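Asker: What follows is the residue order along each chain.
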Amino acid sequence: MAPISADGDIRDLAYPGGIFLEGYCRWWWNELVLPVKLPNTEVDDYVSGLRSHPWDDEYYYGNGTLSTDFPSIDMPVLTAVSMTNTIHPRSGFEAFSSLSSRVKRLMIMDAVYSGNMYKDFQPDLEAFFDQYLKGEKLVEEPPTVRMVLRTGGGGWQWRTASTWPVPSTEYRELFLDATNAGVGHTSTRAPSREGVAEYSADVEDGNKAMPMVVFESAPLEEDIGLVGHFRATLWVSSTTSDTDVFVALLVMDGEREVPYRTYETGSAAPLTWGCLKVSRRATDPERSTTERPWHTHRREDAQPLVPGEVVKIDVEIMPATGRVLKGHRLRVEISPVEDPGCPPGWEREYDASYHAGATNRILTGASFPSSITIPVVPHEDLYMITACE
Amino acid sequence: MAELHSKLPELSSGRFDDGPLVGLGYQTASQQGFTDEQGRFFYQGGETVSFSIGKLPIGSAIGGSLTLAALRDSVTELGNPDLTLPETVNRARFVQSLAVETDPRNGVSIDDTIRDIVSRHAAGISFTSDIDIFEQSPAVRGVFSELGSRFRGVQEARNHLRRAQTGIKVLRKVRVPTRDNSYLLADVFHPVDAGRYPVLLRLGIYGRAFRIGTIFNDEDREISENREDSWFQGDRDNLHRYCRWSENAASASPSVWIPRGYVVVLADGRGVGNVLGKLSPYSKQEARDYFDVIEWAAK
Numbered sequence: 001m002a003p004i005s006a007d008g009d010i011r012d013l014a015y016p017g018g019i020f021l022e023g024y025c026r027w028w029w030n031e032l033v034l035p036v037k038l039p040n041t042e043v044d045d046y047v048s049g050l051r052s053h054p055w056d057d058e059y060y061y062g063n064g065t066l067s068t069d070f071p072s073i074d075m076p077v078l079t080a081v082s083m084t085n086t087i088h089p090r091s092g093f094e095a096f097s098s099l100s101s102r103v104k105r106l107m108i109m110d111a112v113y114s115g116n117m118y119k120d121f122q123p124d125l126e127a128f129f130d131q132y133l134k135g136e137k138l139v140e141e142p143p144t145v146r147m148v149l150r151t152g153g154g155g156w157q158w159r160t161a162s163t164w165p166v167p168s169t170e171y172r173e174l175f176l177d178a179t180n181a182g183v184g185h186t187s188t189r190a191p192s193r194e195g196v197a198e199y200s201a202d203v204e205d206g207n208k209a210m211p212m213v214v215f216e217s218a219p220l221e222e223d224i225g226l227v228g229h230f231r232a233t234l235w236v237s238s239t240t241s242d243t244d245v246f247v248a249l250l251v252m253d254g255e256r257e258v259p260y261r262t263y264e265t266g267s268a269a270p271l272t273w274g275c276l277k278v279s280r281r282a283t284d285p286e287r288s289t290t291e292r293p294w295h296t297h298r299r300e301d302a303q304p305l306v307p308g309e310v311v312k313i314d315v316e317i318m319p320a321t322g323r324v325l326k327g328h329r330l331r332v333e334i335s336p337v338e339d340p341g342c343p344p345g346w347e348r349e350y351d352a353s354y355h356a357g358a359t360n361r362i363l364t365g366a367s368f369p370s371s372i373t374i375p376v377v378p379h380e381d382l383y384m385i386t387a388c389e
Numbered sequence: 001m002a003e004l005h006s007k008l009p010e011l012s013s014g015r016f017d018d019g020p021l022v023g024l025g026y027q028t029a030s031q032q033g034f035t036d037e038q039g040r041f042f043y044q045g046g047e048t049v050s051f052s053i054g055k056l057p058i059g060s061a062i063g064g065s066l067t068l069a070a071l072r073d074s075v076t077e078l079g080n081p082d083l084t085l086p087e088t089v090n091r092a093r094f095v096q097s098l099a100v101e102t103d104p105r106n107g108v109s110i111d112d113t114i115r116d117i118v119s120r121h122a123a124g125i126s127f128t129s130d131i132d133i134f135e136q137s138p139a140v141r142g143v144f145s146e147l148g149s150r151f152r153g154v155q156e157a158r159n160h161l162r163r164a165q166t167g168i169k170v171l172r173k174v175r176v177p178t179r180d181n182s183y184l185l186a187d188v189f190h191p192v193d194a195g196r197y198p199v200l201l202r203l204g205i206y207g208r209a210f211r212i213g214t215i216f217n218d219e220d221r222e223i224s225e226n227r228e229d230s231w232f233q234g235d236r237d238n239l240h241r242y243c244r245w246s247e248n249a250a251s252a253s254p255s256v257w258i259p260r261g262y263v264v265v266l267a268d269g270r271g272v273g274n275v276l277g278k279l280s281p282y283s284k285q286e287a288r289d290y291f292d293v294i295e296w297a298a299k
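The listed protein sequences derive, respectively, from chains A and B. Reading the first sequence from the start, the letters are residues 1 to 389 in the UniProt record's numbering. Reading the second sequence from the start, the letters are residues 1 to 299 in the UniProt record's numbering.
No wet-lab data here; the hints were simulated from the structure. This structure is a prediction, so every number in the text was calculated from the model and none was measured. Among the hints, erroneous ones may be present.
With a Cα cut of at most 20 Å, we get these calculated SDA-like pairs of lysine to any residue [as the list claims (entries may be wrong)]:
hint	chain 1	residue 1	chain 2	residue 2
1	B	K284	A	Y59
2	A	K37	B	R211
3	A	K37	B	L185
4	B	K55	B	G142
5	B	K284	A	E42
6	A	K134	A	D74
7	B	K278	A	R26
8	B	K55	B	A122
9	A	K119	B	D237
10	A	K37	B	E286
11	B	K278	A	L38
12	A	K312	A	Y199
Based on the sequences and whatever the hints tell you, model everything.
Answerer: Here it is as structure tokens:
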């Protein structure tokens, strides 16, 4: 079985971070599905079904859109993910970790993935099917994990790894430090002073720039390889009962953003991103790991905000690969809706009831040590196959 | 040398990979007859074989496994198969249009009725004409109006030839039975050479038309055939980036996998295209259907 750019459950396609990916789901249904339908046949209304089931409930395990039970699968599987894409950016990682299969392989593609899927990973698919459908013995065992290691400015390299996450990963926590003067900082030690960064949650006025708060690192003292899962731990409050938090991680070369797409130019996505509806912040300690929080998305776990009250949230940020050069800076942007990177028409649901007129705060410092965690992998721990830059 | 000469020359058999073409007249320096039930013709190694339907010469080629693209009108100008030559297009459209099925999965069987009709119009048929002139010629129109058959399109004929050249045979709209006594519809692409092959299968909502979508009528089929032909001719740059790389959305491409010894099955789910039932992607019903089509493909 080779599910490529696939989805497993409510977290993947319908409600990433608990926010309905309404635009994409509607586009898919209206533009791709309805035109092929047998005229006059009965139809399950996909979009309405998802909209009326915002929680991870029985709908996703019975008569609705089904979830995948990865541990129950034990056949050989090759799966591929389109890292940081709006669609299919995470399920393959979950599958690789929880399938019972003795043979499993993971291919990590760029966000705009079709070229990777049909051209670049074709040899992996051929090896996989030749081995497990034809029973052929291969001279050399194919890599378990093969990835596009993005190097910025359109460049990339092919890398392999023995498993995922890469065993030598060092999770480095970068603490946010809000200042009164615009852009805040990040540092490897929690700042002793307390800080607050405030932004509007209201983006109805299309003429204004995206409201956001920004934190930037000092220029890197050496090249670093980021390969794996990212997360943000944030202390937030709002003037209303809920809020959507988008976290984007970018790389800056001076004032210029370094693009991390490869040869397909259709994406404006940052290095990586994540989002969370704050009332969905409850996590399952059993399923949460160092690399990523597991939000339950159950109705009974809902935790609406009390206006002004500070809460801690863990934001799952999409796994990604990226080589960041010495002298470049990491930049964290926190905003009330996605920006940039969402293809037009694929926007997430914007619930005005808690955006309109609301103000959000990100707290930093000793009492509220907001941070972003990045996966640093030593350069020599990834095996280079061929350079493609 | 004496020993070689004393041996009886062995007969070789050939066939058309885009066929079988049954009942086609053939002649070589040493052999003549009609292609048999499997579409085979016989020749001595190295001989040129000339084919005919009644009084109409269809073309010639050096004996071997052929497609119609290998034939030429002139025995002195034999060449490599060329899908762009008007001669190739005209010949493929003409012969394929004698087939009963749209696929045409069973190839072409030439009987006396066809032979008589073609013979009566033979004098007016020239495969080396321009494509437009050929399709409008009274003789060609006469043949197919008398037979009551659709004269197939340029792209459709070329796509069929191209698949055969790649060793691909396709069966369209194959009924796949399901446990509830209903059925799905699938396109099955398999190697021309008979055998057992592993199957790469997808079931879903992207349809069986080339690129994406479904074929409800002749116009839809023409659109699909045009897409296929232009894609294979390399016209891909203007396609959406999710459509540029594959023959059908989210599916294995037959032109890539069949030559490697695989079968590709594209199945429509319930309520998709001409499959009866409720359209319900990601449903339990779809999962059951997936199970059934996998079991079916494995048999």
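Asker: All hints, please: hold or fail.
Answerer: Evaluated hints:
1. B:K284 <-> A:Y59: Holds, because 11 Å separates the two Cα atoms, which is no more than 20 Å.
2. A:K37 <-> B:R211: holds (16 Å)
3. A:K37 <-> B:L185: Cα-Cα ~13 Å, so holds.
4. B:K55 <-> B:G142: Holds: K55 (chain B) and G142 (chain B) sit about 15 Å apart, inside 20 Å.
5. B:K284 <-> A:E42: holds (16 Å)
6. A:K134 <-> A:D74: The hint holds at about 18 Å.
7. B:K278 <-> A:R26: Given pair K278 (chain B), R26 (chain A) holds - Cα atoms ~19 Å apart, limit 20 Å.
8. B:K55 <-> B:A122: With a Cα-Cα distance of about 6 Å, the restraint between K55 (chain B) and A122 (chain B) holds, given a limit of 20 Å.
9. A:K119 <-> B:D237: holds (15 Å)
10. A:K37 <-> B:E286: At roughly 15 Å apart (the allowed maximum being 20 Å), E286 (chain B) and K37 (chain A) satisfy the hint.
11. B:K278 <-> A:L38: Holds, at about 9 Å.
12. A:K312 <-> A:Y199: Within the cut-off at roughly 17 Å; holds.
Every hint from the earlier list agrees with this structure, and none is contradicted.
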